[in-house]
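Construct the complete structure from the given sequences, taking the supplied hints into account.
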Amino acid sequence: MSELAIEREIDRSQMKVSDEVAIQITKMNKWYGAFHVLRDIDLTVNRGERIVICGPSGSGKSTLIRCINRLEEHQAGSILVDGTELSSDLKNIDKIRSEVGMCFQHFNLFPHLTILENCTLAPIWVRKTPKKEAEEIAMHYLEKVKIPDQALKYPGQLSGGQQQRVAIARSLCMKPRIMLFDEPTSALDPEMIKEVLDTMIELAEEGMTMICVTHEMGFARQVANRVIFMDQGQIVEQNEPEAFFKTPKSDRTKLFLSQILGH
Amino acid sequence: MSDKNVSFVRTKMLPQSEPPIGQRGVVKWIRENLFSSWLNAILTLVSIWLVWFVVSHLTPWFANSVWAAESLSQCREIRDATIGNGVPSACFAVITDRWQQLLFGFYPNTEYWRPVLALVLFVVGILPALFTAIPRKFLIGTAVTPFVLFWLLWGGSVWTTAAGALGFVIGYYAFKLLTDRAGLIVGVGGAVGISFAYWLFAAGPLGDALHSILPIGIQYVESKNFGGFTLSVVIGVSGIILSLPLGILLALGRKSDMFIVNKLSTGFIEVIRGVPLIVWLFTASLILNYFLPPGTNFDLMLRVIIMVTLFSAAYIAEVVRGGLAALPKGQYEAADSLGLDYWKSMRLIILPQALKISIPGIVNTFIGLFKDTTLVVFIGLFDPIGLTNAIRASTNWNGIYWELYVFIGLMFFVFCYSMGRYSLYLEKKLQREHR
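Heads up: the protein sequence lines correspond to chains A and B, in order. Residue numbering for the first sequence follows the numbering used here, starting at 1 and increasing by one per position. Residue numbering for the second sequence follows the numbering used here, starting at 1001 and increasing by one per position.
To be clear, the hints were calculated from the coordinates, so they are not data collected in a lab. Since this is a predicted model, take the numbers as computed values, not measurements.
Straight-line distance between alpha carbons at most 27 Å, and here's what the computed BS3-like set of lysine-lysine pairs gives:
1. Lys1329/B x Lys153/A
2. Lys1176/B x Lys128/A
3. Lys128/A x Lys144/A
4. Lys1428/B x Lys153/A
5. Lys1429/B x Lys131/A
Stretch by stretch, here's where chain A covers chain B in the computed footprint (C-beta under 8 Å, at least three residues):
6. 1322-1333
7. 1348-1357
Note that CB positions come from ideal geometry on N, CA and C, so glycine has one too.
Below, the structure written as structure tokens:
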């Protein structure tokens, strides 16, 4: 919850936002039974944007990003990812999912497969990449997240931070154009949070389009180009990080920030 | 305390010594495991007495057993003459006299080598499927084995079996072609339809034609001649191998979001499970005849295999459903988020983990199924239990019970215990892989 100091200088040269629209959400609504979880969400994400979504628990932030790759179904409005509309059409869903990477709070690595097999599975079976090539790609990304020497171990043998980095590498192996992070550091010990955030920063520096649900305000301040505050299933406030943290406009945001940054 | 001298210097180092006599070796083990308290001591003594009681009564019966005689009365005479009048003595001569019948039923005795060879081939054929250390290419052999076994056991022209096997190959290619062009449902439906059409109209004439060109064949053995352990193993193994995939499909069906599939699977499982197996066997032997067109000769053994398969599939389905439910939701979501479609995520992610959890339950069901094959005695098939009646019906062996049941029990135990050990091996192996 606290602000995490990111020591090194962040290279913003690659972090350019283009005019091309990556995700377009219009008037999106979602209900769990009779409970109205997401209300009239409007959100446009351009290619190269790094968006941090924060808000109290139960505000619908996880549900929102899970709607973007259809882990949750929305009942009204529309979501366009890379120009493809998310509907009940299974072909579209699988296509979008293979373009959108996702990292979960609890990593969700496949415990019966080695680290390498975790990373090569989707390229081999979804992209039809030859096994050898898939392994090369996997090793490339495992080197990038700095754990190539763990490739032949099973997820249960790794620490939480290492597992989350593997999860990131696993998503990257599909060469996604958009990455979604659902509280990637919430289940980690403090010293492991840093290694995961460092990996995410590197990703941002390379110009990846990212949407992160996180409570790491230090990360938001230094990496995001937009911070979104959600409450009760609605987007309450969004702004550039500078302005968002210094001069929050709504009382709800002020209260939230005072609680999260106050101690 | 302040005036106490706290300085200390050791002048002599202590050598290493053994723990006291009561704290080491056998004495320690006996004390801790057998006589750690009064209650424990009493229980130990009672148990020792119980074991002695059973063993002391059974040992003479086994030790004095007679192995060479032609009838029960001759057994008694030999015992009275050599060991003593009225001493407990087993007459295992019935096994030496009738073991062939217990193992092969009424299978022609010149052809006994066939079930034996079939069993050996079965064991060899299934090895690649059981042990991953064997190269995967040998699985092709495993796929061919069922047809070889079928031909060995029932015999007849080799071309009849080959023509039947061709139906599976046709079905496979039809499935591949149609699925690529028109999707999974058309693929499955088309493949099943084409295969059945082939079997119904083309397989018979094709087999006959090939046979007339090149007659290769062995003596044909009718199903009614199957008996003893040959029958139990054929029904049991077929049931086991067929019920696993069917059970998995039913479990997936019951977890499915599709309304019709879900309700059909649930209904099927509940109906099959809710009725005793013996009722289904009677259904197979009697009632099915009413539904089949008159004149069709639908092999009774085949009907029994189908019923046993359906019955155990319902149980397997529930065991596998337990495994599916035990997986964290995150595994499904991770598979989905990588873009794997339903069948791929099931095959690569969900089922390997769910089945691993379900191994004890699955093997338990298999062992149950194998032993339940003895129920076929009630519909007139001669399983080992049924044969004991046939053996007793001869005047020579009238009145012999225990020796036959001990033998049959031992044979079943060997099969079931092997399955149990394999399940333990598999659990251990998979456990190691995951940690």
